[in-house]
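Add chain D to chain W, keeping to what the hints say.
Line order of the protein sequences matches chains W and D.
Start counting the first sequence at 461; every next residue gets the next number (our numbering).
Start counting the second sequence at 461; every next residue gets the next number (our numbering).
None of these hints come from the bench; they were simulated from the model.
Please note that a few of the clues may not be correct.
Said to hold, decoys possible - Below 30 Å or equal to it, Euclidean Cα-Cα: the simulated DSS-like pairs (lysine-lysine) are:
1. W:K471 to D:K690
2. D:K471 to W:K487
3. D:K756 to W:K590
4. W:K504 to W:K471
5. W:K518 to D:K471
6. W:K534 to D:K690
7. D:K646 to W:K585
8. D:K690 to W:K683
9. W:K487 to D:K585
10. D:K840 to W:K683
11. W:K504 to W:K534
Said to hold, decoys possible - Here are some of the chain W residues that sit facing chain D, going by a computed Cβ distance under 8 Å:
12. F464
13. V472
14. K504
15. G507
Here the structure is a predicted model, which is why all the values come from computation and not from measurement.
All C-beta atoms in this analysis are idealised placements derived from N, C-alpha and C, irrespective of residue type, glycine included.
Protein chains: 2
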Amino acid sequence: MQNFLYYTPTKVHFGKDTHLQVGEIIKSYGYDTIMLQYGKNSIKKSGLYDTVMDSLTKNGIKVVEMGGVEPNPKLSFVREAVKVARENNVQMILAVGGGSVIDSSKYTALGAVNDCDVWDFPTGKATPEKCLPVACILTIAAAGSEMSNSAVVTNMELNMKRGYGNDMMRCLFSICNPELTYTLSKYQTACGIVDIMAHTMERYFTLFEPTDLTDRVAESILKAVKDAGKVLMENPQDYEARATVMWGSSISHNGLTGCGRENSLAVHQIEHALSGEYDEIAHGAGLAVLFPAWAKYVYKENISRFAQFARRVWDVVEDDDEKAALEGINRMSEYFAFIGMPTKLRDFNIDESAFDRLAELCTFGGKRKIKTYIELDEEKIKDILKICY
Amino acid sequence: MQNFLYYTPTKVHFGKDTHLQVGEIIKSYGYDTIMLQYGKNSIKKSGLYDTVMDSLTKNGIKVVEMGGVEPNPKLSFVREAVKVARENNVQMILAVGGGSVIDSSKYTALGAVNDCDVWDFPTGKATPEKCLPVACILTIAAAGSEMSNSAVVTNMELNMKRGYGNDMMRCLFSICNPELTYTLSKYQTACGIVDIMAHTMERYFTLFEPTDLTDRVAESILKAVKDAGKVLMENPQDYEARATVMWGSSISHNGLTGCGRENSLAVHQIEHALSGEYDEIAHGAGLAVLFPAWAKYVYKENISRFAQFARRVWDVVEDDDEKAALEGINRMSEYFAFIGMPTKLRDFNIDESAFDRLAELCTFGGKRKIKTYIELDEEKIKDILKICY
Numbered sequence: 461m462q463n464f465l466y467y468t469p470t471k472v473h474f475g476k477d478t479h480l481q482v483g484e485i486i487k488s489y490g491y492d493t494i495m496l497q498y499g500k501n502s503i504k505k506s507g508l509y510d511t512v513m514d515s516l517t518k519n520g521i522k523v524v525e526m527g528g529v530e531p532n533p534k535l536s537f538v539r540e541a542v543k544v545a546r547e548n549n550v551q552m553i554l555a556v557g558g559g560s561v562i563d564s565s566k567y568t569a570l571g572a573v574n575d576c577d578v579w580d581f582p583t584g585k586a587t588p589e590k591c592l593p594v595a596c597i598l599t600i601a602a603a604g605s606e607m608s609n610s611a612v613v614t615n616m617e618l619n620m621k622r623g624y625g626n627d628m629m630r631c632l633f634s635i636c637n638p639e640l641t642y643t644l645s646k647y648q649t650a651c652g653i654v655d656i657m658a659h660t661m662e663r664y665f666t667l668f669e670p671t672d673l674t675d676r677v678a679e680s681i682l683k684a685v686k687d688a689g690k691v692l693m694e695n696p697q698d699y700e701a702r703a704t705v706m707w708g709s710s711i712s713h714n715g716l717t718g719c720g721r722e723n724s725l726a727v728h729q730i731e732h733a734l735s736g737e738y739d740e741i742a743h744g745a746g747l748a749v750l751f752p753a754w755a756k757y758v759y760k761e762n763i764s765r766f767a768q769f770a771r772r773v774w775d776v777v778e779d780d781d782e783k784a785a786l787e788g789i790n791r792m793s794e795y796f797a798f799i800g801m802p803t804k805l806r807d808f809n810i811d812e813s814a815f816d817r818l819a820e821l822c823t824f825g826g827k828r829k830i831k832t833y834i835e836l837d838e839e840k841i842k843d844i845l846k847i848c849y
Numbered sequence: 461m462q463n464f465l466y467y468t469p470t471k472v473h474f475g476k477d478t479h480l481q482v483g484e485i486i487k488s489y490g491y492d493t494i495m496l497q498y499g500k501n502s503i504k505k506s507g508l509y510d511t512v513m514d515s516l517t518k519n520g521i522k523v524v525e526m527g528g529v530e531p532n533p534k535l536s537f538v539r540e541a542v543k544v545a546r547e548n549n550v551q552m553i554l555a556v557g558g559g560s561v562i563d564s565s566k567y568t569a570l571g572a573v574n575d576c577d578v579w580d581f582p583t584g585k586a587t588p589e590k591c592l593p594v595a596c597i598l599t600i601a602a603a604g605s606e607m608s609n610s611a612v613v614t615n616m617e618l619n620m621k622r623g624y625g626n627d628m629m630r631c632l633f634s635i636c637n638p639e640l641t642y643t644l645s646k647y648q649t650a651c652g653i654v655d656i657m658a659h660t661m662e663r664y665f666t667l668f669e670p671t672d673l674t675d676r677v678a679e680s681i682l683k684a685v686k687d688a689g690k691v692l693m694e695n696p697q698d699y700e701a702r703a704t705v706m707w708g709s710s711i712s713h714n715g716l717t718g719c720g721r722e723n724s725l726a727v728h729q730i731e732h733a734l735s736g737e738y739d740e741i742a743h744g745a746g747l748a749v750l751f752p753a754w755a756k757y758v759y760k761e762n763i764s765r766f767a768q769f770a771r772r773v774w775d776v777v778e779d780d781d782e783k784a785a786l787e788g789i790n791r792m793s794e795y796f797a798f799i800g801m802p803t804k805l806r807d808f809n810i811d812e813s814a815f816d817r818l819a820e821l822c823t824f825g826g827k828r829k830i831k832t833y834i835e836l837d838e839e840k841i842k843d844i845l846k847i848c849y
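In isolation and in its complexed conformation, chain W is listed as follows (with noise of 0.2 Å):
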């Protein structure tokens, strides 16, 4: 077990009408100015962000607001928002959505205190001294950044998608009711439910040697988000199933998979630079072709790690350890496929003229290799890519 420092500061109110009390739990923290982010219409069709208006206003606390967060948040919408944030004096920010949302109000969280441009911390030019607080009512369980201390953001002039991560952009609380995804596609539901599966699975196929116990907790949160996943896909509005996908997004990405092992996102790098430069690619969507594509391409490395995988996870029953291995991939394929999601990178319109593009996307124009079982330079990112073409 290697050594590690476990920090999940956020405070989570989890559960049925948690959001009622969002007003009085700000109150609480003597905060009466804060900023509210949210993405388009959708909490406003919903109801929520009357709901969430109200229980602000019964609180006497003045709320700036800065609506419209797209999905794969933009740069510049955060520039705009550090620019209000700054000229409003605002205490906090509170997100409402899922983590684009989140992801903007913590960069917001960042540049509205720093004296440098936001853009300098996920390129590594400047270092953040302090952060406002963020908090959040997730409307999405998908990313997990209501508990992780990252955040991803896009600079469409550069068509740059980076991620940053830093202990003081964890969300001062986190309020989770499953109920407000019942109103999520499946599409968006499916694309949610890879996403925590590729954040628990990018840390189960650690680089070092792996810890039994860190192991089993990422197994039991494979097992209970598929089966949950599953679940959603005949009713959306199973409580019980929804809550297990919301939680699951929550203790999949806050640290706890990774105690004691070191891991390196390397399929969320390559997701990354998909997404980044195909902005109506979903994340999770991206992360669905891309990671059975990874495995098959590196499973050698590591059978035995493959074979527990599949054995623990996916129920293979088979004694050969290189059987076993493909076996698990091929059904986390198949169960990808099953939710709704895509299998192949032609299923987005991607022709294979772009592979040179996302492979120097990926290596940052050639100056880092991707670590992982196999180091991936541009030339085996390109062979990765045509796994799944």
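Showing chain D alone in chain W's frame:
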């Protein structure tokens, strides 16, 4: 899934040599006057005391010492520590030891800044308004106090052991170096393993509908800790096994295994009466005797749950639920015996004549019943004691 609040703000520094950073870590929080609590002489013999003092001194931290915390920590000691903490204006309490030292420190931290006697908190006469920060260097993996919100204390005048929990009592940080547990005896190690498993099982046998994800996480901890325990009986210096047990200690009792369900820590309540009355009984040893007896007494009320426990944790292969349930309970008993735990109350030289007094203590003199699958009044508690006599 029941609504829940999840809050685990403790920063865990886990791994080899992490204790060497203690002075630096405390300094980073800005504290310069602390109280150091520890047990008898073991940390002096092992050299840990000198190492810790060296790190504290180097970082300019003034240390007020309170050595001599006893197992089943005593209220009288805490009252004295409160006096000393106030006289010296200590800013935080550092516990170097196991659950007893941490629990003693938690009560001292409450007592130092609230205007009442600390015994008022576990007896429900007062609610704390604040609490000094507490941190620890863990030397025994067992109680989970390094991440939990609770602590127990024993009032020797009344022969009463009582627990109390409040989120302000959670450690600010915990330093968990598995190597510091290498020198524990097999008996101490086994007591810890039982305590960790019991913390997990108490919540697993929830009063409400179970939740798949939390079930699976609990089963993961039980399997990993159980297997690590076997390794440690052969090789007490196996780092991986020590690390598994130590991390298992933290996550079994920090809230994770209770998410979405409710529980009453029923067996703990009976055991607190036992080791409160008989100070020489180690908490883990008491649990090892009581848990199988409790399970045999109540399993018929929820056969499918005990059958799942048997199949998933103890690898029982048996189609009939009741047979599986009973076989699971047997295997748990056999495992506790295998790691050297007592299996009967008579192993502690307790006579049946003590049962009236124990039942009285469990029910606070008949004033409460212990909630579990069957509500336990004095008569029923005596039935359980008879099973393990």
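Hint by hint, here is what the structure shows:
| no. | hint | verdict |
| --- | --- | --- |
| 1 | W:K471 to D:K690 | 36 Å, violated |
| 2 | D:K471 to W:K487 | 26 Å, holds |
| 3 | D:K756 to W:K590 | 55 Å, violated |
| 4 | W:K504 to W:K471 | 26 Å, holds |
| 5 | W:K518 to D:K471 | 35 Å, violated |
| 6 | W:K534 to D:K690 | 52 Å, violated |
| 7 | D:K646 to W:K585 | 52 Å, violated |
| 8 | D:K690 to W:K683 | 26 Å, holds |
| 9 | W:K487 to D:K585 | 28 Å, holds |
| 10 | D:K840 to W:K683 | 38 Å, violated |
| 11 | W:K504 to W:K534 | 21 Å, holds |
| 12 | F464 | 5 Å, holds |
| 13 | V472 | 4 Å, holds |
| 14 | K504 | 26 Å, violated |
| 15 | G507 | 21 Å, violated |
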